[in-house]
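Enquirer: With chain E's structure known, arrange chain R on it following the hints.
2 protein chains.
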Amino acid sequence: MGSAVHAGAIPLEEALSARDRDGTTAGEALRSMLAQLPKAGSRPLGSPAHAYIEAHIEQGPVLETAGRRIGIVSGIQGLRQFGVSIAGEEAHAGTTPRARRRDAFMTAHTIIGALAQLTMDRADTVRFTVGRFEVFPGSPNTVPGRVEFTIDLRHPHAGTLNRLGGGVFAACHRHAEPCTVDVRELLHSKPVLFDPTVVTRIRDAAGRMGFASLDIVSGATHDAKYMADLCSTGMIFVPCRGGISHNESEWAAPEDLAAGAEVLSEVVTDLAAE
Amino acid sequence: MGSAVHAGAIPLEEALSARDRDGTTAGEALRSMLAQLPKAGSRPLGSPAHAYIEAHIEQGPVLETAGRRIGIVSGIQGLRQFGVSIAGEEAHAGTTPRARRRDAFMTAHTIIGALAQLTMDRADTVRFTVGRFEVFPGSPNTVPGRVEFTIDLRHPHAGTLNRLGGGVFAACHRHAEPCTVDVRELLHSKPVLFDPTVVTRIRDAAGRMGFASLDIVSGATHDAKYMADLCSTGMIFVPCRGGISHNESEWAAPEDLAAGAEVLSEVVTDLAAE
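From first to last, the protein sequence lines stand for chains E and R.
In terms of our numbering, the first sequence has 196 at position 196, counting the first letter as 1, and numbering is strictly consecutive.
In terms of our numbering, the second sequence has 157 at position 157, counting the first letter as 1, and numbering is strictly consecutive.
This is chain E alone, in the form it adopts within the complex:
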C-alpha cells in the first residue's frame, strides 16, 4: 500500500480508508501505532529515488527445487482475475433427461475444461487457477441452477496475458449454451519488467560471490511493482521451504537469507557509488 501511494498508483485517501475485517481503517490503525512510538523528527519521502532494490523470499518452490540460492528476478508477472456467473435451471436429478437440462455445473465444467486446455503450455509458465467455485442450491439430487466461480490467470508477457484473457471471454460465450454466462474482469495488473541494467548488476554480484543463481519471474506482487514506475528497479529472491508464505509454517534457511542480504548490500553499494 505504501509503495502504491508513494508511486501515485493509489490515492492516499483511498489507502487510508481501506478497512480490515474488524472495520478499522488503515488511517485509524496508523494513528494508533504512531501514538505509541517515541517522537521522531519527520523527514520528507525520498523522492526522486535513484534506484530501488527489494530482497524477498521467493514464495514459490522454484529455487528450492532447482537447488539455487539466489533468484535474479527479471520482473513481476501480470495478473487478470475474472468472476464467472452461470445461470441455468434447477431440475430433479432423477426425472430430467440430459437433453432437457440447463445444468449450470456441467456448463462450468465445459468452460473450465476449454480454459485448462488453452492455458496448458509446455514451459509451464502460465498460471491458471480456479480458487472459488460455488454451486446452488447445492443439493445432491438437484441439477444446479447457478454456479459462481473465479479465474486467476497470470503470465510475465503482456501480449500472452491479453490473448489468454481474451480466451476467457471467448470460452465463456462459446460454451454458454444451454445456460447464460456472465463474465466480469475483477482485476487487471499488467506485467512489470525490471531495468535490465539492475538485473545484470544483481546477476554479476551473485556470480562474484559464488552463489548459484537462477533467472526467475516473480509470481506474487511486491512493492517493486509500483517503484518500477519511479526509478530503476530490481529484486533478489532466496528460497523458502516448500514455497510456503503468508502462513505460520513459512521458513527460510539462515544461510540463504544471509546470501540474499550480501547480494543486496553489494548491489546497493554499487548503485550508491554511481
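The calculated SDA-like cross-link candidates involving lysine to any residue, where the alpha carbons are at most 20 angstroms apart (straight line), are: (1) K190/R with N141/E; (2) K190/E with P140/R; (3) K190/R with G94/E; (4) K190/E with G94/R.
Label pairs and their in silico Cβ distance ranges: (5) P137/E with P137/R: 17 to 25 angstroms; (6) R122/E with H157/R: 38 to 46 angstroms; (7) A273/R with P137/E: 44 to 52 angstroms; (8) A158/R with K190/E: 53 to 61 angstroms.
None of these hints come from the bench; they were simulated from the model.
Quick reminder that beta carbons are idealized off the backbone N, C-alpha and C, glycines included.
Expert: Only chain R this time, still in chain E's reference frame:
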C-alpha cells in the same frame, strides 16, 4: 415412509424417530395430528394386498414434451449416490507452477470429465448429476487444497447401474494423482420392475379410453417401490408443467388429472373383480 414401514423395508421405530429440521420426530408429529382428529375406529392394515396402483404427476418433462396424456410406468429406476472427497495441497496461485501443484479442483474436474463421458448414452437414459460441490479454502488466489462433491447416478437396469457405479470408483482411483481421493457410496437403491400384467392392464385401459400414452420409467421414488415387494404393482403418470414438482409452481392440467383418475378407476375396478 408409510409404505416402507408397511413393506418392512424400514423398522417402525426408525421411521417414528426421524426428525425434521426443527427437531420434531415423526412420532411426535403423528401423535399431535391424531389428537386433533375426530375419534375413528381403528382397523387393521390391509395386508395381504391383492394389488397396488399409484397415480402421480410425472415430476419430469417427458410426457409434456411428447404431448401424451398417460404415462404407462414400467418401473422405477435405480439410484446410487456417492460422496467424493479430494485432498490436495493449498498453494499460491501466482508462484506455484502447474507441475508442482496438487490442485484438488483440477483433479475433481478430470474425474467428473471422465464420468460425464462414461455416462453419455445416445438414448439419454442415464441420469448423472453433480449437485453438491464445495471447494476449500475458496479464495480466488489460492490453489484449492480440498474438494467435496456428490454424484447422483440413476438407471432403470440393475446391470447398467452396477457397471456405471463401478466406473465411479475406477475413475476416482485412475485420476487421483497428484491428490488422494476417497469415495463412499451414500445410497444404493436397486431398480424396481412393475408386474407386466398390471402394466398391460394400464396400457389397455388408456387405449380403450382413447388417451395418448407413452411407456416411461419413473425417475423419482414412490410408495410403489416398497409395495412392489408385497403384491402386483403398477403406476400411472400424468404430465406436469415444466416437469416441476416439490415446488410452489408445481401444476398439472385438470383434464390430465381427470384422465389419470379415470384410468386408475378402470384398472382398480378390473383388479377388484379378479
